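Peer 1: As they're listed, the protein sequences go chains A and B. Residue numbers 1 to 319, in the working numbering, belong to the letters of the first sequence in order. Residue numbers 320 to 638, in the working numbering, belong to the letters of the second sequence in order.
Hints were generated in silico from the structure; no laboratory data involved. Warning: the hint list may mix true and false statements.
[Unchecked claim] In the DMTMM-like style, the derived pairs of lysine to aspartate or glutamate whose C-alpha atoms are separated by at most 25 Å in a straight line are:
#1 B/K412 with A/D304
#2 B/K610 with A/D141
#3 B/K394 with A/D60
#4 B/K453 with A/D236
#5 A/K119 with B/D415
#6 A/K100 with B/D382
#7 B/K419 with A/D60
#8 A/K100 with B/E489
#9 B/K453 with A/D288
#10 B/K412 with A/E140
#11 A/K134 with B/D382
#12 B/K610 with A/E47
#13 B/K453 with A/D141
#14 A/K291 with B/E459
#15 B/K438 with A/E204
#16 B/K438 with A/D281
#17 A/K134 with B/D607
#18 A/K100 with B/E430
#19 A/K75 with B/E612
#20 B/K412 with A/E204
#21 B/K412 with A/E170
#22 A/K309 with A/E170
#23 B/K453 with A/D96
Note that the coordinates shown come from a computational prediction; the quantities given were computed from them, not determined experimentally.
Number of protein chains: 2
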Amino acid sequence: MKILVTGGAGFIGSNLSVTLMQNKPIAADKIVVIDNLSLGNIAFISELLTSPDFVFYQIDLLDFDNLLNIFTEHKFDLVWHLSANSDIRYGAKHTDWDLKQNTLVTYNLLECMRRTGTKKIIFASTSAIYGLAKIVPTPEDYGPLFPISLYGAGKLASEGLITAFCDNFEMQSWIFRFGNIVGKNGTHGALVDFIKKLRKNPDELEILGNGKQAKPYLHVTDCIDGMIFGFENVNDRVNYFNLACKGATPVDTLADTVIRHMNLTGVRKHYTGGEIGWVGDVSQVRLDHRKLERLGWSSRYTSDESVEKGVEELLLQIK
Amino acid sequence: MKILVTGGAGFIGSNLSVTLMQNKPIAADKIVVIDNLSLGNIAFISELLTSPDFVFYQIDLLDFDNLLNIFTEHKFDLVWHLSANSDIRYGAKHTDWDLKQNTLVTYNLLECMRRTGTKKIIFASTSAIYGLAKIVPTPEDYGPLFPISLYGAGKLASEGLITAFCDNFEMQSWIFRFGNIVGKNGTHGALVDFIKKLRKNPDELEILGNGKQAKPYLHVTDCIDGMIFGFENVNDRVNYFNLACKGATPVDTLADTVIRHMNLTGVRKHYTGGEIGWVGDVSQVRLDHRKLERLGWSSRYTSDESVEKGVEELLLQIK
Numbered sequence: 001m002k003i004l005v006t007g008g009a010g011f012i013g014s015n016l017s018v019t020l021m022q023n024k025p026i027a028a029d030k031i032v033v034i035d036n037l038s039l040g041n042i043a044f045i046s047e048l049l050t051s052p053d054f055v056f057y058q059i060d061l062l063d064f065d066n067l068l069n070i071f072t073e074h075k076f077d078l079v080w081h082l083s084a085n086s087d088i089r090y091g092a093k094h095t096d097w098d099l100k101q102n103t104l105v106t107y108n109l110l111e112c113m114r115r116t117g118t119k120k121i122i123f124a125s126t127s128a129i130y131g132l133a134k135i136v137p138t139p140e141d142y143g144p145l146f147p148i149s150l151y152g153a154g155k156l157a158s159e160g161l162i163t164a165f166c167d168n169f170e171m172q173s174w175i176f177r178f179g180n181i182v183g184k185n186g187t188h189g190a191l192v193d194f195i196k197k198l199r200k201n202p203d204e205l206e207i208l209g210n211g212k213q214a215k216p217y218l219h220v221t222d223c224i225d226g227m228i229f230g231f232e233n234v235n236d237r238v239n240y241f242n243l244a245c246k247g248a249t250p251v252d253t254l255a256d257t258v259i260r261h262m263n264l265t266g267v268r269k270h271y272t273g274g275e276i277g278w279v280g281d282v283s284q285v286r287l288d289h290r291k292l293e294r295l296g297w298s299s300r301y302t303s304d305e306s307v308e309k310g311v312e313e314l315l316l317q318i319k
Numbered sequence: 320m321k322i323l324v325t326g327g328a329g330f331i332g333s334n335l336s337v338t339l340m341q342n343k344p345i346a347a348d349k350i351v352v353i354d355n356l357s358l359g360n361i362a363f364i365s366e367l368l369t370s371p372d373f374v375f376y377q378i379d380l381l382d383f384d385n386l387l388n389i390f391t392e393h394k395f396d397l398v399w400h401l402s403a404n405s406d407i408r409y410g411a412k413h414t415d416w417d418l419k420q421n422t423l424v425t426y427n428l429l430e431c432m433r434r435t436g437t438k439k440i441i442f443a444s445t446s447a448i449y450g451l452a453k454i455v456p457t458p459e460d461y462g463p464l465f466p467i468s469l470y471g472a473g474k475l476a477s478e479g480l481i482t483a484f485c486d487n488f489e490m491q492s493w494i495f496r497f498g499n500i501v502g503k504n505g506t507h508g509a510l511v512d513f514i515k516k517l518r519k520n521p522d523e524l525e526i527l528g529n530g531k532q533a534k535p536y537l538h539v540t541d542c543i544d545g546m547i548f549g550f551e552n553v554n555d556r557v558n559y560f561n562l563a564c565k566g567a568t569p570v571d572t573l574a575d576t577v578i579r580h581m582n583l584t585g586v587r588k589h590y591t592g593g594e595i596g597w598v599g600d601v602s603q604v605r606l607d608h609r610k611l612e613r614l615g616w617s618s619r620y621t622s623d624e625s626v627e628k629g630v631e632e633l634l635l636q637i638k
């Protein structure tokens, strides 16, 4: 099987690429990574670059002509679509960013798939499509889907494009909706922010919101494991799952975990206040993940355990 | 109140523009219509063109700079967004058409609203966002939203953009999801197709599918009346309603109604076969419309009555 991993030098993508190449959980003859390196880092996949079964392209997925050339050359069996703008706050300021980096990019991939005969796509979606859900933990069949961030809007648009292409052109999709992912190669998010801030000034820490926003933090190894499980065990035209772990961790606990692992004392925590960290933030996320559980999959780590492990891994990387 | 009607020379838009200008159901100082006339027809609104309270622009909503100029000049209080590609089958062949004419166009409008301070938008969405719903009649809170047409994907993407803009930039929206609309100025759909075919050859009629596909057909006057009712009576940040009537009419009944009103006999009906008319078609649509009913609104005509009335009106126009 020839697999294209988009965003394959990014946080989740680099972990996935290394896992696919080294552990071979899926029989793959070739892994091709496309990444524009806007958030990704070539160092994350440097160990793969010399392999004859691995190809890396630094292009932007908005570059349709080059993308189509790559599809034409490799004739992929599967697209693992992880590329996205993952900075929700940036999208609120630059309103066309998620439209381009989520919606248009997904369209380009689907159109290249249609033109070159690729029939399968795995898509990294998000709990943000549920917006301010009235049912918590939120199940996969929740409606209405009214995202409150442009990031969520871009992912919802991508899901709709995927299901329409699946029906019109006999493709097959696996959609995984997850929230916060933590672990090695993390490029953004609260843990990365806190570590960077405390490296700069170990005496005080600004925390967005009131610190009580709580979400399930899934470890990146669980995220990859869950996606592989879903892909290998369910075979409908459109397969869709929440991907989450037991528990949820408040932002304040994230901060305390970072402070403890950095052996800091007397850190003054400043809260910007309010129930949400920023406009478009959903303060209390809980995902109903029983659908995957019923099929036999559950995460290895709880949310708190993922945070502990994630902080350890990030502290080794962020100097 | 200054109102922009997009697609205001099209089927629903022209009926709306005339109603707004002549019956004044909403206190409006000025009605501005934008239409690229790709599906619309300037003749539909010719009676309005001389009014000092009416302005018509023939531009494409993809032309952001011109659009922004119009927003800057008029400083609208309300955008009534009806413009779209409404030909589902065309979208399946030209896969970027709905992306442009639904998704990108909606983004452009929202961004112009954000930049110029327009705070309210009424949006014509569609039952197609529900895809092959497992709950029929389908309620507004149905999930998952997996459209099977690129048209439905474009409308779903637009809904997500609207709700995200509403939350990020303190806008307010009224989303109406409807299915087939019939009546004067109809530009497409089964009734228009049947009349055109029978005008050309009154001896036979090709019917897509097996003729048993059944949907609620709402008369355009009910469609406009329902939107005005919802806009005037509900005031949340995001207001959303199915807009439908009692009953559903099979395609075969549409054909028979047209044949009867044309006083034709012995018409040979040919069915292309299959449960759906085309790829992306949802064969059995029923919308749960109790939400608007509970607020006090119901349609004047049943589906069969709307079809009768619609055929009469279209036969006067399609020669």
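Peer 1: A separate judgement is required for each hint: does it hold in the structure or not?
Peer 2: Structure-based check of all given hints:
1. B/K412 with A/D304: 49 Å, violated
2. B/K610 with A/D141: 20 Å, holds
3. B/K394 with A/D60: Outside the cut-off at roughly 37 Å; violated.
4. B/K453 with A/D236: Holds, at about 15 Å.
5. A/K119 with B/D415: 19 Å, holds
6. A/K100 with B/D382: 17 Å, holds
7. B/K419 with A/D60: Holds, because 20 Å separates the two Cα atoms, which is no more than 25 Å.
8. A/K100 with B/E489: 23 Å, holds
9. B/K453 with A/D288: 20 Å, holds
10. B/K412 with A/E140: 31 Å, violated
11. A/K134 with B/D382: Cα-Cα ~38 Å, so violated.
12. B/K610 with A/E47: 58 Å, violated
13. B/K453 with A/D141: Within the cut-off at roughly 11 Å; holds.
14. A/K291 with B/E459: Given that 25 Å is the threshold and the Cα spacing comes to 23 Å, the pair holds.
15. B/K438 with A/E204: 40 Å, violated
16. B/K438 with A/D281: Given pair B/K438, A/D281 holds - Cα atoms ~21 Å apart, limit 25 Å.
17. A/K134 with B/D607: Since the Cα atoms of A/K134 and B/D607 sit roughly 20 Å apart, the hinted pair holds (cutoff 25 Å).
18. A/K100 with B/E430: OK: A/K100 and B/E430 at ~14 Å, within 25 Å.
19. A/K75 with B/E612: 52 Å, violated
20. B/K412 with A/E204: 58 Å, violated
21. B/K412 with A/E170: 14 Å, holds
22. A/K309 with A/E170: 41 Å, violated
23. B/K453 with A/D96: 34 Å, violated
Checked against the numbered hints above, the structure violates hints 1, 3, 10, 11, 12, 15, 19, 20, 22 and 23; every other hint is satisfied.
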